[in-house]
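**Q** Single-letter residue listing:
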Amino acid sequence: MNEEGKKIYDLAGKLFPICRSITGNGFRSSLEIICGIVPEIQVFEVPSGTEVFDWTVPKEWNIRGGWIRSLQGETVIDFKDCNLHVLGYSVPIHKTVSRDELLEHVYTQPEQPDWIPYVTSYYKERWGFCMSENQKQSLTDAVYEVFIDSSLEAGSLTYGELILPGETEDEIFFSTYLCHPSMANNELSGPCVQTALIQYLKSLSHRRYTYRFVFIPETIGSITYLSRNLQSMQQHMKAGFVLSCVGDERTYSYVSTKYEDTLADRVLDNVLKFHYPGYIRFSFMKRASDERQYGSAGVDLPVCAFCRSKYHEYPEYHTSADNMDLISPEGLQGSYDVMVKVINALENNYFYQMKCKCEPQLGKRGLYPTISQKGTYEAVRAMQHFIAYADGRNDMIGISNILNIPVDQLIPIKNKLLEHHLLSFK
Amino acid sequence: MNEEGKKIYDLAGKLFPICRSITGNGFRSSLEIICGIVPEIQVFEVPSGTEVFDWTVPKEWNIRGGWIRSLQGETVIDFKDCNLHVLGYSVPIHKTVSRDELLEHVYTQPEQPDWIPYVTSYYKERWGFCMSENQKQSLTDAVYEVFIDSSLEAGSLTYGELILPGETEDEIFFSTYLCHPSMANNELSGPCVQTALIQYLKSLSHRRYTYRFVFIPETIGSITYLSRNLQSMQQHMKAGFVLSCVGDERTYSYVSTKYEDTLADRVLDNVLKFHYPGYIRFSFMKRASDERQYGSAGVDLPVCAFCRSKYHEYPEYHTSADNMDLISPEGLQGSYDVMVKVINALENNYFYQMKCKCEPQLGKRGLYPTISQKGTYEAVRAMQHFIAYADGRNDMIGISNILNIPVDQLIPIKNKLLEHHLLSFK
Amino acid sequence: MNEEGKKIYDLAGKLFPICRSITGNGFRSSLEIICGIVPEIQVFEVPSGTEVFDWTVPKEWNIRGGWIRSLQGETVIDFKDCNLHVLGYSVPIHKTVSRDELLEHVYTQPEQPDWIPYVTSYYKERWGFCMSENQKQSLTDAVYEVFIDSSLEAGSLTYGELILPGETEDEIFFSTYLCHPSMANNELSGPCVQTALIQYLKSLSHRRYTYRFVFIPETIGSITYLSRNLQSMQQHMKAGFVLSCVGDERTYSYVSTKYEDTLADRVLDNVLKFHYPGYIRFSFMKRASDERQYGSAGVDLPVCAFCRSKYHEYPEYHTSADNMDLISPEGLQGSYDVMVKVINALENNYFYQMKCKCEPQLGKRGLYPTISQKGTYEAVRAMQHFIAYADGRNDMIGISNILNIPVDQLIPIKNKLLEHHLLSFK
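Going down the list, the protein sequences come from chains G, E and S.
Residue numbers for the first sequence follow the working numbering, so the first one is 7 and each next one is one higher.
Residue numbers for the second sequence follow the working numbering, so the first one is 7 and each next one is one higher.
Residue numbers for the third sequence follow the working numbering, so the first one is 7 and each next one is one higher.
Next up, chain G with everything else stripped away, as it sits in the complex:
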């Protein structure tokens, strides 16, 4: 029943222990595992120092370990136990520090005292440790030994790209980010669901659209990718989706584009209102992942973020509590199912036009009851409504919205009319 969900969950489990960041070997080896499943993914390396729009690709960061010990040699915290313990992009350090100096380099989330927060300092060189507030409270010694075995050096930023060609150059875009250390919902769920969607799309005998997938580091990755592909993306993209936080079992949600009027908004809204009427639509004001860049002034691509419990909106977000227990095969399967419905709606989202004037005579084709008595028509009502609105002015999503019938149920009707040569589309 949740067959795909189980596979997705297993992949997430395999990736979970690796310490990833926006550059470095953790990202690289995680992407390699995904390439093991989808070998067609192309891997790109962009050198540190490359200018990408207003930004510069940073130095590459790698980390091998880190700890705080008492002078008696007792370990207070260790990177081996949880890779959130070292501040993301921390410079190396090895020295004895007073408690006061140490505390200036310690990050906690005091209102969630048991959890280790996820903190980074990509663009200013610092060293630092993250720990639970409770752990911080137990730092009572006067002096500690601190050690971070990291490197911050010229290297490169890594990303993966896959383009699955379709019948046309019109593109549907999927983007997810692989730069977070051991957190499950945010963000292994996105890369793992995206991997499953690639396999689904590869399995289709025919694709109307070309599909573009990227696995990038957040923010600097989308900026880097856009700096190399913007023109083509602006020319071809019809709809795009950032996949993020798609693994829990709470609500569904999405972040709208700036003016809430693109095909991406329309298809998500349409699919979710039938699939999960309690879904939440966030305005663009609530953006915080790569849809920030895709929707930025001058870029203006039609990209929504799709989530279950959205980043920033659930308590475990950016803490050690966002672990493999927070996500589930069921949760991942649900997101996968929504995106498959989205893809099917898009693939069938033509403007339909009846070929005959007036209603066709459905009866002679066995599509209409031959006895006319009140109460006999309900069964064919959906087909009649589809026929009425297949007047060249509405696409499939528009018809679905007008009729308040899911696209899933309209596709067989449309196919029957095509079979009988009653319908054209473009």
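Hints are computed from structural coordinates only; laboratory data are not their basis.
These numbers come from a predicted model, not from an experiment.
Treat the hints with care, as some may be off.
Remember, identical chains collapse to one label, so a pair may be satisfied in a single copy or spanning two.
As the list claims (entries may be wrong) - Computed cross-link-like contacts, DSS-like style, restricted to lysine-lysine with a CA-CA straight-line distance of at most 25 Å:
{"no.": "1", "residue 1": "K130", "residue 2": "K12"}
{"no.": "2", "residue 1": "K86", "residue 2": "K380"}
{"no.": "3", "residue 1": "K130", "residue 2": "K422"}
{"no.": "4", "residue 1": "K292", "residue 2": "K279"}
{"no.": "5", "residue 1": "K380", "residue 2": "K370"}
{"no.": "6", "residue 1": "K347", "residue 2": "K20"}
{"no.": "7", "residue 1": "K432", "residue 2": "K380"}
{"no.": "8", "residue 1": "K86", "residue 2": "K244"}
{"no.": "9", "residue 1": "K130", "residue 2": "K101"}
{"no.": "10", "residue 1": "K292", "residue 2": "K380"}
{"no.": "11", "residue 1": "K208", "residue 2": "K347"}
On the provided structure of chain G, position chains E and S as indicated by the hints.
**A** This is chains E and S only, laid out in the frame that chain G set:
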């Protein structure tokens, strides 16, 4: 007070006993009675077998009688008592049948056990009887004699058309159907109110619009008519109305066009909101009469259905209980009055433009109080508002909607301004 | 704190005793007092009898005194006590009249029995007195002596105009009327606040817009002014405001333009919703001052009326109770502040466009926190949102409405981005 309503009711009473169908002598003789009142109506005959868009004109059906009798010669039901008793378009039959075989040919409406339902089988040859559920329950003999004296043969489909020319070729369209046997609201009310509206329009000294009226059989009739007149109708029609179920005294209602944005929608909505604020606006999803064809994909004419209690929405619909007691002179008069208001609104629905800049000085024309004190202005407020919005951007219906004042009350204001040469229109 | 308000209130106090009308020396001397503060105002005289669109400039009215006395010589009412006592535009009279004849020439507001109403008869020659209902009830003598020392003769209509040039010919327009006798809110508040706004605008080192100010008599004054300036105003005016009843401390309100869609509507709505969320927006149906003419058919200028308690809507309106106690420095200051905000919003209301693709890297400019942890972003959220919507599609007011942040708070953000060469505008 209900003078027109009484005449309309009397005409309905005269037509009631005749057994009509979508073709045949019942339709023909009913139309002749109407032609007796409006001799200018032209009658057309379209041969069986004629192809009309996706459809074919069926054989002509005529019926002279029919009954079910016990072998003892007792009449169970007889066409003479109620012409709904024979299935519409039933083939002839005369034989002795077992109770079981008979029941396969008997139609009832079990949830309304006292009433005979109206059932037809136009496009598949069958024989059959309709009766009340109670009558069916009393069929306890093992064998019955059944007799239907009908014919189903090459002939023609009959319809009537009247075009009343006006100042322009722009057209207003009225359509009603005359194909139902003895049922009063659905559908003698429509043809009879339409007959009265023709007389009203003939009595006008001046008509801005050309008016097109048709008396047709439902569905196949509108398809046939459209197949012969579509191009001209698409070129000239500004608004159209199907008149159906306009004889009872319950609510008023109308069925919108597909996108609810045509002049037909606008004028009905405007007139009804002042005339009867509790009126019901049905979406195009609730269409079921000839507006189905007029609004179909590729035809796309601006036609609403106007009703009091709409077909499908009242309990007596398509049963023997839809009789002369269900309609009344008052009910018919009300519908007549609404349509006269609709016609007047349309005839006056120009875009108005004041000829002077700034407000005109109404005082010097005796149209404004000469004393200025708070409370003295209310009387001329409507005229001042009309003047403000007569800026060339709004038609009469638009101004009425903005000012929330019925068109009826704006027409004398408009006339006064025209008299004083302050206004132009186009 | 209410420094401007105090100056405005003092000016109103100085003007209060003068008896003004739509023509005559009262208007003239009031305008001279204002010219004493703003000497650049140009004064125009338009001769009686001049045709202005559908109207004619009336005779000039001047009044020196008037009273009703008993035959015993006791004064019943005297113009010296309150200049509302003589009907505006009353012809001269001096005779002995019966009580009955007198009462035909007496105007009261019976539902406000202590107050003298303000009544005029500009376009029909009459004599008359206004008094409180209580005063009228005390008229018990059989005969009275009545005296009105007025003149109604060929002369001219006076108005003042000031044009403050700006960087472009695009204009912002302010209009107020100076034709009311001793009433404070309606209408000394408008001319006095307008005088202060002129001083504010003169003090600006740079003005994007040209500002046009008029001090006119109501209705005939705006018609006269439009008859001489319409073409230029239609060509250049971007937004305009009638200032009326802007001196009390009750609500704020404005009267929309006809279609509620002009820059004047947008800026007032935007400023007031942040400044005073309980403000009232009246439809154009509630117009009654010069916005009637500015918004009339064929003129169609983008002019709203700005008020605190709107004319017609407060009990003291057009009575002797609309005195210097009804207005206050605080009340006048509030209106002044709103209009200064309106001017600042207009001056900054460009379409903004980010110069870089993707979000700029705010961090390297010290505009963004260098530590990324949940909860650290709120401070820069407004700037990020401004950047996102600075895509060339929105003006400043539009961005403010989308972000729900006052223009006042967006201007420093915009300035910071301009400083960093990240933004362009047009």
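**Q** Confirm or reject each hint.
**A** These are the hints, each one checked on the structure:
Taking the shortest Cα distances, K130 and K12 never come within 25 Å of each other, neither inside one copy (40 Å) nor across copies (53 Å). Taking the shortest alpha-carbon separations for K86 and K380, only the inter-copy value of 24 Å comes in at or below 25 Å, while the best intra-copy value is 73 Å. Proximity of K130 to K422 under the C-alpha cut-off of 25 Å is restricted to the inter-copy arrangement: shortest distance 22 Å between copies versus 62 Å within a copy. Taking the shortest alpha-carbon separations for K292 and K279, both the intra-copy value of 20 Å and the inter-copy value of 23 Å come in at or below 25 Å.
Taking the shortest alpha-carbon separations for K380 and K370, only the intra-copy value of 20 Å comes in at or below 25 Å, while the best inter-copy value is 65 Å. Proximity of K347 to K20 under the C-alpha cut-off of 25 Å is found in neither arrangement, the shortest distances being 27 Å within a copy and 59 Å between copies. With identical chains, the CA atoms of K432 and K380 are never at most 25 Å apart, being 37 Å at best within one copy and 47 Å at best between copies. Proximity of K86 to K244 under the C-alpha cut-off of 25 Å is found in neither arrangement, the shortest distances being 44 Å within a copy and 67 Å between copies.
Taking the shortest alpha-carbon separations for K130 and K101, only the intra-copy value of 20 Å comes in at or below 25 Å, while the best inter-copy value is 95 Å. Taking the closest pair of Cα atoms, K292 and K380 come within 25 Å of each other only across two copies (14 Å); inside a single copy the shortest separation is 51 Å, beyond that limit. Within a single copy, K208 and K347 get their C-alpha atoms as close as 16 Å, which meets the 25 Å cut-off; across copies the closest is 59 Å, which misses it.
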